[in-house]
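Colleague: Sequence:
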Amino acid sequence: MPSHLLPVASPVSPAVPTQGGPVHDRTADEEPQAFRFAGLRLVHSALRRDLARLPNALRLLQPGEDEQGAALLRHWTFVTAVLSCHHEQQDTRIWPIVRRFAPELRLLLNWLESDHHNLDHSFTRVTTLVRIASRDTGSVWPVAYAIEDLAARLETHLRVEERQLLPRMEMVFTESSRVGSLPELLDVMHSADGPGTPDALAWLLDGVEPALVERLLADCDDLVARHWPHWQATYQRCTAPLWGPPEAWDAAGE
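For the sequence shown, the numbering used here assigns the number 19 to the initial residue and increments by one for each residue that follows.
Please keep in mind that the hints were generated in silico from the structure rather than gathered at the bench.
C-beta: ideal position from N, C-alpha, C; glycine also.
DEER-style ranges, computed between Cβ atoms:
| no. | residue 1 | residue 2 | range |
| --- | --- | --- | --- |
| 1 | PRO114 | PRO216 | 26 to 32 Å |
| 2 | THR252 | ARG71 | 17 to 23 Å |
| 3 | GLU166 | PHE119 | 35 to 41 Å |
| 4 | GLU85 | ARG117 | 45 to 51 Å |
| 5 | PRO201 | ASP154 | 37 to 43 Å |
| 6 | GLY156 | ARG233 | 43 to 49 Å |
| 7 | GLY156 | GLU131 | 37 to 43 Å |
| 8 | GLY82 | SER195 | 48 to 54 Å |
The whole structure should be built from the sequences, with the hints applied where relevant.
Modeller: So this is what it looks like as structure tokens:
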């Protein structure tokens, strides 16, 4: 595989002063919370979920499965589009406010914003590889490894946000703030001509506990809540062929 198509290395993030105590350590597997920065947490969880299963879905692709390959490419393109909107939400709506009210975080925010550009560039490069693999099953294994490398890079970025930034943001924004919320993320996608609300919401809430889904939908408008059952059923019907039988993925995760 040409080296210029591989994801670039991630820079080392600066440390953040804690001012009086250690930063609360959030694990990568923590479930998204309904009440604080749900939009950010849900994107992180969904990205981890799909970047874990997309490489295996590619490896299972067989010659002649053109429709399956095209579906995987569409899903990868969708994931990339959501990531782009997520970065826009942070860089244009959230980071400027945090810079103003928590200036001690400016070096960390500068690094995060720079790494957003690096990640977006890497995802674009890997999109080229996924496009090739979706039509040529002889290349699926190296492309699957490229996705796994990119997922590891992204994991470093997400952990920095969750461990060093989100705890500090809780002191900048009130609990009732809309900043970083699920409705704000959906608004960003709409204004950026990104993924539509039905697909984006179903993707974000895929695998989330029903009780938590109800709490999250309560923050959205009535139209979203009314249409949610239909959107969820449509999404599950369209994406189920991508991942194979559920028991196969359960076994893969053991």
